[in-house]
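K.L.:
Sequence:
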Amino acid sequence: MKRLVLIASLLGFAVCMNPAIAKDTSEHLTAQQNKMSYCSKEAAAKDLHGDKRKEFMKECLSKKVDDGKKKLTQQQEKMVKCSKEAKEKALKGELRKKFMSDCLKN
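Residues -22 to -1, 1 to 84 (mature numbering (1 follows the signal peptide of the UniProt record, and there is no 0)) make up the sequence shown, in order.
For the record, the hints were derived by calculation from the structure and aren't laboratory data.
Treat the hints with care, as some may be off.
[Said to hold, decoys possible] When the alpha-carbon atoms are kept at most 30 angstroms apart in a straight line, the in silico BS3-like pairs for lysine-lysine are as follows:
#1 59 - 83
#2 30 - 62
#3 75 - 59
#4 30 - 41
#5 59 - 41
#6 32 - 42
#7 36 - 24
Make a model of the complete structure from these sequences and hints.
P.N.:
Dropping the structure here:
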């Protein structure tokens, strides 16, 4: 009888702890794992099966995820491009300043 109570208690404890364990591990998922989970839930919500599910998952997983980063303005994009070019040309000091100025004017 004591064994039965002990086993039932352990089983109850395991069931109660399961959501806490699942919640704790979800914080450690990679971006790809989070994306996979999201797409899988979407497919399940749409009740997709077989080839339709495969096609949906392929499309969903290939989409870019907005990670909350702001889009660069046109001027910022130009700055990044010019900076990259200056780095490729190994420009330093006054030469870099002049190059960046000219590049950003165009």
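K.L.:
Confirm or reject each hint.
P.N.:
Consistency of the hints with the structure:
no.: 1; hint: 59 - 83; result: holds, 13 angstroms
no.: 2; hint: 30 - 62; result: violated, 43 angstroms
no.: 3; hint: 75 - 59; result: holds, 14 angstroms
no.: 4; hint: 30 - 41; result: holds, 17 angstroms
no.: 5; hint: 59 - 41; result: holds, 25 angstroms
no.: 6; hint: 32 - 42; result: holds, 18 angstroms
no.: 7; hint: 36 - 24; result: holds, 15 angstroms
The structure shown violates just one earlier hint, number 2.
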